[in-house]
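As a plain string of letters, each chain reads:
2 protein chains.
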Amino acid sequence: MTTYKAPLRDMRFLMNEVLDYPGHYASLSNGAEATPDMVDAILEGAATLCEEVLAPLNHSGDQEGCHFKDGVVTTPKGFKEAYDQFVQGGWQGLSFPAEYGGQGLPMSFNIFKSEMMGTANWSFTMYPGLSVGCINTLMQYGTEAQKQQLLPSLVAGTWAGTMCLTEPQCGTDLAQIKTKAVPQADGSYKLTGTKIFISAGEHDLTDNIIHIVLARLPDAPEGTRGISLFAVPKVNVNADGSLGTRNGVSCGSIEHKMGIRASSTAVLNFDEAVGTMVGEPNRGLEAMFTFMNTARLGTAVQGVCHAEAAFQGALPYAKDRRSMRALSGKKEPENKADALIWHPDVRRMLLTQKAIAEGGRAMIYGVLKLGDHMFNAVAAGDQAKYKEYDSKLGFFTPILKGFLTEMGLEAANLGIQVFGGHGYVQEHGMEQIARDARISTLYEGTTGIQALDLLGRKVLLGSKGKCVRDFSLTMLQFARPHLLSRTPLGAMARNLTMRAAEWNVLTTAIMLRAPKDRELVGSASFDYLMYSGYVMMAYYWALQAEKATQLLGELDTVKAKSKGKSKLKDKAASEAAANAAQPAKGAESDEFYRTKIQTAEFYFDRLLPRANAHRTSALASTRSVMQIDKEHFAFV
Amino acid sequence: MTTYKAPLRDMRFLMNEVLDYPGHYASLSNGAEATPDMVDAILEGAATLCEEVLAPLNHSGDQEGCHFKDGVVTTPKGFKEAYDQFVQGGWQGLSFPAEYGGQGLPMSFNIFKSEMMGTANWSFTMYPGLSVGCINTLMQYGTEAQKQQLLPSLVAGTWAGTMCLTEPQCGTDLAQIKTKAVPQADGSYKLTGTKIFISAGEHDLTDNIIHIVLARLPDAPEGTRGISLFAVPKVNVNADGSLGTRNGVSCGSIEHKMGIRASSTAVLNFDEAVGTMVGEPNRGLEAMFTFMNTARLGTAVQGVCHAEAAFQGALPYAKDRRSMRALSGKKEPENKADALIWHPDVRRMLLTQKAIAEGGRAMIYGVLKLGDHMFNAVAAGDQAKYKEYDSKLGFFTPILKGFLTEMGLEAANLGIQVFGGHGYVQEHGMEQIARDARISTLYEGTTGIQALDLLGRKVLLGSKGKCVRDFSLTMLQFARPHLLSRTPLGAMARNLTMRAAEWNVLTTAIMLRAPKDRELVGSASFDYLMYSGYVMMAYYWALQAEKATQLLGELDTVKAKSKGKSKLKDKAASEAAANAAQPAKGAESDEFYRTKIQTAEFYFDRLLPRANAHRTSALASTRSVMQIDKEHFAFV
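Protein chains in written order, with my numbering: chain A, 91 to 726; chain B, 91 to 726.
Please note that the accuracy of each hint is not assured.
A pair holds if it fits inside one copy or across any two, identical chains being indistinguishable in the list.
Unchecked claim - Cut-off 25 Å, straight-line C-alpha distance, at most; resulting in silico cross-link-like pairs (PhoX-like, lysine-lysine):
#, residue 1, residue 2
1, K556, K270
2, K477, K554
3, K170, K95
4, K606, K421
5, K95, K554
6, K556, K426
7, K95, K159
8, K426, K409
9, K720, K556
10, K270, K720
11, K554, K475
12, K268, K426
13, K237, K482
14, K268, K420
15, K426, K720
16, K95, K420
Note that these hints are calculated values from the structure, not bench results.
Based on the provided sequences and hints, a complete structural model is requested.
Structural data, given as C-alpha cells:
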C-alpha cells in the first residue's frame, strides 16, 4: 500500500525560490501574517495531518466505501474522527476572514493545503472542499443575516456545504434545470426537484449541511437567465444559528462509482424544502460563475495530486523490485537481477510522472497569485480589480483544469504500469489512484468544456488572442537573456521563443478561419487546449530550471539590459541570491537543483514534442470530424 | 448498461472485400472447409452466443466477481451455464484438429471468435482463452500418451488449461523461477512451489484443469536455460483419461483486481504435485515461446474488444443525450438542446474509438494470415516453414500487442468521457470497460517489454532493420498507383510514401547510434513501438479506404504497369469487383464504404500526427532519461 510524504522541499522551492511568495504576500492586504515562519508552520502542520491522519485512511476508505441506508450516509471507518481533527486544527478557516472565525490568510493557502490533503486522500478532501464553494458564495452574495447565521459554523467546519447544480436531464447544460422555488409569504422559498451527483450531499461528518441550490422561480424566463440561487439547509437553522427541525431535503441514494468511493455522491430530493435566496432573482448562474475559476483551480490540483501519489507509489517499487539485467550491463552484480529503475523505459515512466507532478504544481502555484489578488479585491469590494484579476485568471483556469487533469490521469496509469501486474491488484493501492483520478476530467466541466471555454470564450471572443499574446510575451521576456547560453537552460529558452511565436500563429490561423467555418472552434478546441497546456508547462519548467541554474551558480546569460553581448558568469550574484533564499544551500540542495534542471530537460525532450501533434490536429480540416453522417457511425 | 452487437458487416468487409480470406483459406491445407458459407455460419453462430449469452453476463459478472472459499473458486452467477453452452456448441475445438475432436479449421477462427466473445465479456473469454495456450503446447511438445490422455477433454472444453509462469519474485524475468520438479521412479515429477497471477487457475466451470507449469529440475543450470515444462492436472488423470484422485495443487487465494473481476486470478500452491514433463529437460522456455506470438495476438485483440465495446456504448448515448446547442447553429430545434453527437469534440472522441476499433481489427485480421500459415506448418511438421512464418509474425506481434492495447485503453477512457459524469458510475457499464482494459498493457508482456522485443530483438538484432524495410516496401507498393489521385486516397498514399521513408530513416538512425550508446534501445523503444503502430495502422486504414473507393467506383489511379500517365476511371472494373465481393452492393453498402473512407481521413488527419511526437522522443538524447541519479528522483 502507498504512503504519503508531503513534498515540502518542492513546495518551498516554488514558493520561496522560484515564485517569490514572500514578496507576493507582502503585496496583499491580507498577507501580512503570512510570514515565512508562519507559512512554514502551516505547511508542516498540514503535512503532519495528511501523512499521519488522512493517508492511512485512503485505501481502507476506498475498500469500504460509503454506506447508504434509509436516507442516511455513513462515511468509512475513521473518517469522522479524522474530520474532527481537521476541524479542531482550524484547517477549514485558514483562508476565510477572521470575522467569521477564520484565520484570514490569502486563498492560496487553501490550495497548498488541499494539494497535500488531496494527495493523501482525495475522497476525504472532497467533504471540506465542497464547503469552500458554499462559503465563497455566501460571503460574496449572501445577506448579512445569511452570513451571520451560516458562515461561522461553515468556516469552523462543524457544518458542511454543497453546490447543487446537476439534475438527471442536465449537467453541463444548466439551461435545462427544472427544480422549482416557490416564494412564501415570509420571504423564504420552498424548493422542489431532484439534484444528482451532489458531492458530499449527505454524510455523517457534520451536524448540518448547507446546500447551495440552482432553481427556477415560478415566473422565471427559460434558459440560463431564469436561474436563481438558494441556500437550503439540511436541518433548519434558527435565527440565532442553533439547529431546528429537519428540512424537506432527503438523500435518495448514493452512486456506486469507479473511484473516489469514500466520497459520497448523493441524489438529493427537495420536497418543498425551505430555503432563502442568495443574490438576485434570475441571476444565480452569474453568481455561480463568480467562483468558477477558483473551483476549477481546485480541480486542476487533483491532476497534481494523483501524479504525485502515483509517483510516490511507483518510485520505491522501482528501486526495490528486481527484474532482468540492464541492457547496458549488470548494475547490481550482487543481486540476481537489476532494480527496475535501471531500465530506461521505467525511468521514462517515472520521469513523466515527476515532470507532470512538479510541472503542474509550478503552474498552479504560479497562477494562484492571481487568485489571491482576486479574493483580495472581492474582500475590499473593489469590483474593477476583481474583474481584472478574474479575467486574467480566466485564461489560465481552463488550461490548468483541462490539461493537468488529463496529465494526472496519464501519470496515475503509469503508476500501475511501473508495477506491472502487481499494479492491477487492489492491495498495492496503485489502481485506486487511477480510478480516483478518472473523475477529474469529468466534473467541474469536462475537458471538452474546458477546451471550448479556452478557445471559444477566452481566446477568441473574450480577447481576440490577446491573452495568448500576453502570456507568450512573458515567455519571450523570460527567454531572451538565456538565448545564447550554453547551459541546458539556453536550449529551453530557444525552444520557448519558437513556441511563443508558434502559439500565436496557431491562434491567429484559427481566428482567421473560424468565421468561415463554424465547426472549427469545436473541432480544434481539445487539441488547442492540450497544445496550450504543453507549452505553458514548458515555460514553468524553464522557470524552475532558470532558478536552479542560478542557485547552482551556473547562470551564463547575456544581461538583458546591456547593449553589447558581454557574457556574465554571475556566480557571485547568484550565490547572493541563493543565500537570500530559503532553505540554506548545501550539498543536498545542489542535487535538488541539478535534478530540477535534468527533469526540465526530460520534459523538453520527451513530453513537449507532443505539442506538435496537437498543433497539427488543431489545424486539420473540420471535415474529417464533421463529414460523417450521424447515422453512419456504425453499421450493425 | 451496454449491449453488444457483433460488427459482422465490418468483419465481412475485411475478410471478403479487403483481405481476400476466401483466397487465403483456399491456399491452406486445412482451409478447404472454410468456405464463405461455412465462415458466415460460424460468425453468425458466434455472434448469437456473444450477444445473447455472454454480453448479458458482463456487468453482473463484474459486480459479483469471483468467490473464494477454502480453496474453491465459484464464478459469478450464470457463468457455468454459459460455459456449458459454449462447450455444447463445440466452440473450443473450432481451430483444433479433428483427431482430438476439433473442427480442424484454421487458427484465425479462434481470433474471430475470441474478438466477439471478448467484446461481449472479456472476463468470461479468459477461461477458454487460457486453455488454448495449454492445448497448443501439448499438441506441439506433448508425448503421444499426454496427447491421448489430455487433449480430447481440453479440445471439447470439458477440461480447462492454464499457463503457470509467474512467481511472487518474478514475472517478466523468468530466469528467477524457483518452483522445483523432482523426478520420480515412475518417470513422473513432483512439483513444489508457488505460482501467482494464474488466470483461470481455479474455477468451477470444468471437471479438471491442466496446468502447464514452468519449473526447475534439481540439477538444472541457473537462469533461463534451466527451466522445464510440466503438465500438472488439478485432478489426477488415469491412463484411460478418466479422473482419479485430487493432485497436490491447491488454490491459496484469488486476487482482488481493478477489473476483469469475473475472471479468477489464482495463487496456486504446488505441494509435491504430480506432473509429467512436456518437451525436453531445460528447454521449457523455448517451448513456451513457440506460442508467444499467437498468445500475444490473442491479447492484442483485447485492444480492439474494448475499443469496440466502448464505442458501442458511447454511440447511442451520444445520439440520445441532449446538451447545449451546436456552436454552428441549432440542429434539433424541436428539442431543448442538441444531441451530443452534433458537437465536434464528441465526434472527435467517437471517431477516435471507431478508428482504433476498426483500424486495429484490420491490423489483426491482416496479420492473422501469417498465423494460419504458421499453424499449418506446425501441423505438417514443416519446421522450416514454421520458422519462416513465426519470424514474419514476430515483427508484427509486439506492435499489435503493445500499440493496440495502449490504444484500446484510450478508447475505453473516451467511452467514459462521452458519458460525462454518468460514465463514472457503475450502472452504465462504461467504467467497467476502462477497468477491464487496464490489464491488457500489463499481462503477456508489458508495453515496455513489447517495445524492447520489437526494437531490440526483432528490428535491430534479428533483422538489422530488414523487417521494417520489407513492410515499408509493401506500403510503397500499395501507395504507388494512387500517388497522383485526387481522391482522399491520393493524400493517404502520399502520406504513406513519406512515412515509409521516415520509418526507415528512424530505424537506421537508431541502428547507427545504438552501438555507441547502450541505453539508446531501452530509452527509444516505447516511442519507437508507438511510432510503428501509428504508421502501420495508417497503412491498414489506407488499405480499407482503397477497397471502399474501388467498390464505390471512384478509383482514380495511375495504373501501376502502364508506362504513360493515363488516368483510369475504372468504374466498370470496380463494379465487377464489387459484385464479386460479398455482400451485394447497395445503398447501405455505399454509405458503409463512404464512411470507411471518411474514417480513414479522420485517422490520417487527427491520430497519425502523433507519430511525429513519438519519432522526436525516440530520437532524443538518452541523457534526458539516464542522467538523473537514481537516489535523486525525489527529495522528501
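**OP:** Give the relationship of K554 and K475 under a CA distance limit of 25 Å: within one copy only, between copies only, both, or neither.
**Re:** Result: close within a single copy only, 21 Å intra versus 65 Å inter.
Subject >> Intra- versus inter-copy proximity for K482 and K237 (alpha-carbon distance at most 25 Å) >> reply: Neither way: K237 and K482 sit 29 Å apart in one copy and 74 Å across, limit 25 Å.
Original post:
How would you classify K95 and K159 at a CA-CA limit of 25 Å: within, between, both, or neither?
Top reply: So K95 and K159 fail the 25 Å test inside a copy (36 Å) and across (38 Å) alike.
Subject >> K477 and K554: within-copy, between-copy, both or neither at 25 Å Cα >> reply: This pair counts as within: shortest intra-copy Cα distance 18 Å, inter-copy 63 Å.
**OP:** Please work out whether the CA atoms of K268 and K420 approach to 25 Å or closer within one copy, between two copies, in both situations, or in neither?
**Re:** between (67 Å within a copy, 21 Å between copies)
Subject >> Homo-oligomer pair classification [K720, K270; C-alpha up to 25 Å] >> reply: neither (35 Å within a copy, 60 Å between copies)
Original post:
Quick one: K426 to K720, C-alpha cut-off 25 Å, is that within a copy, between copies, both, or neither?
Top reply: The answer is between: 19 Å across copies meets 25 Å, while 58 Å in one copy does not.
Subject >> Within, between, both or neither: K426, K409 at alpha-carbon 25 Å >> reply: Answer is within; shortest intra-copy Cα gap is 14 Å, inter-copy 56 Å.
**OP:** Go through the copies and call it for K95 and K554: within, between, both or neither, with a Cα cutoff of 25 Å.
**Re:** neither (44 Å within a copy, 47 Å between copies)
Original post:
From the Cα coordinates, with 25 Å as the cut-off, is the pair K556 and K426 best called within, between, both, or neither?
Top reply: Neither way: K556 and K426 sit 59 Å apart in one copy and 34 Å across, limit 25 Å.
**OP:** Since the copies are identical, ignore which copy is meant and state whether K556 and K270 lie within 25 Å (CA to CA) inside a copy, between copies, both or neither.
**Re:** Intra 41 Å, inter 71 Å, cutoff 25 Å: neither.
Original post:
For the identical chains here, do K95 and K420 meet the 25 Å Cα criterion within one copy, between copies, both, or neither?
Top reply: neither (32 Å within a copy, 52 Å between copies)
Comparing the model with each numbered hint stated earlier shows that hints 1, 5, 6, 7, 9, 10, 13 and 16 do not hold.
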